[in-house]
Amino acid sequence: MEALTLARVQFAANITFHILFPTITIALGWLLLFFKLRFRATGESRWMEAYGFWVKVFALSFALGVVSGITMSFQFGTNWPGFMETVGNIAGPLLAYEVLTAFFLEATFVAIMLFGFRRVPDWVHTGATLLVAVGTTLSAFWILVLNSWMHTPAGFEMRDGVAHATDWLAIIFNPSMPYRLVHMLLASGLTAAFLVAGLSAWRWRRGDRSPGVLAALRTGVAVAAVLIPLQIVAGDLHGLNTLEHQPAKVAAMEGNWQTRPNVPLLLFAVPDEETRTNRFEVAVPGGASLILKHDTAGVVPGLDDFVGQHPPVAPVFYGFRIMVGVGLLMLLVSWAALWQLRGGREPGPRLVLALVGMTFSGWVATVAGWYVTEIGRQPWLVSGLLLTRDAAGAVPAASIATTLAMYLTLYAGLLAAYVAVLFRLAAKAGGAAGHRPVAAPLPVPAAG
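Letter 313 of the sequence shown, counting from 1, is numbered 305 in the numbering used here, and no numbers are missing.
Among the hints, a few may not be true.
Label pairs and their computed distance ranges (CB to CB) [said to hold, decoys possible]:
(1) 160 / 301: 26 to 32 Å
(2) 152 / 59: 35 to 41 Å
(3) 165 / 221: 23 to 29 Å
(4) 201 / 273: 24 to 30 Å
(5) 393 / 201: 50 to 56 Å
(6) 201 / 323: 26 to 32 Å
(7) 250 / 272: 14 to 20 Å
(8) 393 / 36: 35 to 41 Å
(9) 4 / 272: 53 to 59 Å
In short, the hints are calculated from the structure, not lab data.
Beta carbons: idealized from backbone N, C-alpha and C, even for Gly.
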């Protein structure tokens, strides 16, 4: 395998592992703030019990997100030096803004959030939780600004092959940034909501009837039920924006080869780039035209208009369907759960099993969506400005293959350990008998 392909696989492996954890912490910080505010408003111990458990999950996820993000920055200098050489005048400041305005904020106040309960005034602890939540969202903002700019670059000029900023507002609020930011924040909310609901359902299934478990489960279900319709709308708007600025990506998502009207919505197919056709199509007539143009006779661009300039079709095509499929499953499960839990009812065994099965569904949808986004930009690293192959460094293929194998082994071990620790924490929180007495003292977030 050539060095370019190995370098791409290595970066894909790094970003796949890394994104799992910020996707949780971005929204989980706000859920922790909700638990804390409910405790302050009602004085009910169940909310602080929920906070005490989930702040540990936040800390674990935050730590893995930080360390996995560092490896990506090193790759800019080793595997992809052409990226910073060409667009470093824009990418560098944006990454610096993320560190200065977001990471330092999180790193400073996360210690108070974790260890300050009962050690500092309650309003200080609540304020620290708020600032950590703001920090995670600011971090997402700056990273998505840079990522969006790579898809729809604006506010710059080229001088001697190097990008120079001419309008920072245009760079920050580039054409795809608002859609991508909202889409990602909602994805994080759904990921955290199903994680909270799923892990709480697992505790419930083991016999843990402590009030904090049911409070967290209900919160996760309610948040998911509210966010998933918003995500469907946001995803549709993001798709229309992508159609305007990156039509080749949309053509690959739809598996559409010829520019034409009445394009069907392919529920399933096997795209064949050699024959430039689809096999085994299961389609809804006119569906793609209706979604993308709001008219079944609407003309949708085809891949044949972008020969040599469109992304690999299969991963974009299948990734999009996985993302949408999981999203529809989220809608079904969250609304069914909300209905079953109405009026203070307890979850039934089937609902509990369904929620446990959906625990990591947000990860699946998020990773599939990011593959659609990033593979769909190929062959460009920065759309219309820098080809991926032109940014690659001169690291030998053997060296990349060796470090890739090390990364994959390490990440597999860390991911398995992370999941195991989550369930270990959940089992421990329930106590040796599988439940915690309601009258137990409030957990201190610093414990464990």
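>> Are any of the numbered hints broken by this structure? If so, which, sorted upward?
In response: 4, 8 and 9
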